[in-house]
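> Turn these sequences into a full structure, and let the hints guide you.
Take 1 as the starting number for the sequence shown in my numbering and just add one per residue.
Because the hints were derived from the structure by calculation, they are not lab data.
Values in this document were obtained by computation on a predicted structure and should not be read as measured data.
Keep in mind that a hint or two might mislead.
Claimed, not checked - Between beta-carbon pairs, the in silico distance windows are:
hint : residue 1 : residue 2 : range
1    : Ala72     : Lys184    : 40 to 48 Å
2    : Trp149    : Val62     : 40 to 48 Å
3    : Thr71     : Ile160    : 38 to 46 Å
4    : Leu159    : Ala65     : 41 to 49 Å
Unchecked claim - The list that follows gives simulated cross-link-like pairs (lysine to any residue, SDA-like), each with its CA atoms no further than 25 Å apart:
hint : residue 1 : residue 2
5    : Lys184    : Trp149
6    : Lys133    : Phe174
7    : Lys133    : Ala88
8    : Lys184    : Ile152
9    : Lys184    : Leu87
10   : Lys184    : Pro172
11   : Lys133    : Trp175
12   : Lys184    : Phe161
Idealized CB from N, CA, C, for every residue including glycine.
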Amino acid sequence: MNRLRYLICVVSLLMNPDAGIANNGSAMKGWRIFLFLIVTCAGIFFLIALIGWQPLQWLLSVQSASGYYVTAYPVASALLFVIVYGLALSCGVPGGAVFALLAGFLFGMAQGLLLALCGLACGAVVVRVITLKSGLSIDRKRGSKLADWFAISTEKNPLIFPVLIRMVPVFPFFWLNLVFSLTKQAWGSYLFAALAGALPGVLALVVLGNNMNVWLESEQLSMRLLLSQPLFIASWVILAGLTIVGYCWKRVRLQQAE
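Here you go:
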């Protein structure tokens, strides 16, 4: 019942523009705050490592302990990761980017990407099942422009629009799962859009997490080491590109609203 009340609360915020989500742009600001914190923490960590302190030693011990568990219990660790990731997404817990980084860090690039996508799929399925069982639906007569726009755009482009809107970091992933669960989108299209839309960002984060192992094994952090990793550079280019597209999209939407 608590979960159902939470879903109803989220949907009511979606339907009521005066409640905050659809009107004041807090959902749009969240991704910028999160990106700023990630970049700031990474910059501080990088500077500390360059001036001589060795935080990499601590991360190396963490890598050794986690690597031992993953190697000793590969199936259990993979299932545990997928379950925790899926539950976190289905409950609206922030930090999906951190889970994607951990997937690459703990399981490598190929297996990490597969497990991250499995976690995304599980979270999307749980959100839609709970939403459908609760009997909620988008009542377009209640006047939320954002809800109307999502419903109309999904009807016109049932596959392309859900994929593209998930690629740009504007709305939280759980929020998008909830909104598209309330539309008439078919199950196959819903799952395909959830995975295809998240693939570029998740792939970039998994690659970054996997590259962390290279840095830790070298036991030092230098600009030459970073530049010698082409996948590292490509991942940041993808994330920066998605961020810029999301920002431009938000500005266009605000101008249209005015």
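> Now tell me, hint by hint, if it's right for this structure.
The hints, checked one at a time:
1. Ala72 / Lys184: 40 to 48 Å: Given about 47 Å between the Cβ atoms, the range holds.
2. Trp149 / Val62: 40 to 48 Å: Given about 44 Å between the Cβ atoms, the range holds.
3. Thr71 / Ile160: 38 to 46 Å: At roughly 42 Å between Cβ atoms, Ile160 and Thr71 fall inside 38 to 46 Å, so the hint holds.
4. Leu159 / Ala65: 41 to 49 Å: holds (43 Å)
5. Lys184 / Trp149: The given pair, whose Cα atoms are some 14 Å apart, holds under the 25 Å limit.
6. Lys133 / Phe174: Holds, at about 17 Å.
7. Lys133 / Ala88: holds (20 Å)
8. Lys184 / Ile152: holds (11 Å)
9. Lys184 / Leu87: Status holds; Cα separation ~24 Å.
10. Lys184 / Pro172: holds (20 Å)
11. Lys133 / Trp175: holds (17 Å)
12. Lys184 / Phe161: holds (14 Å)
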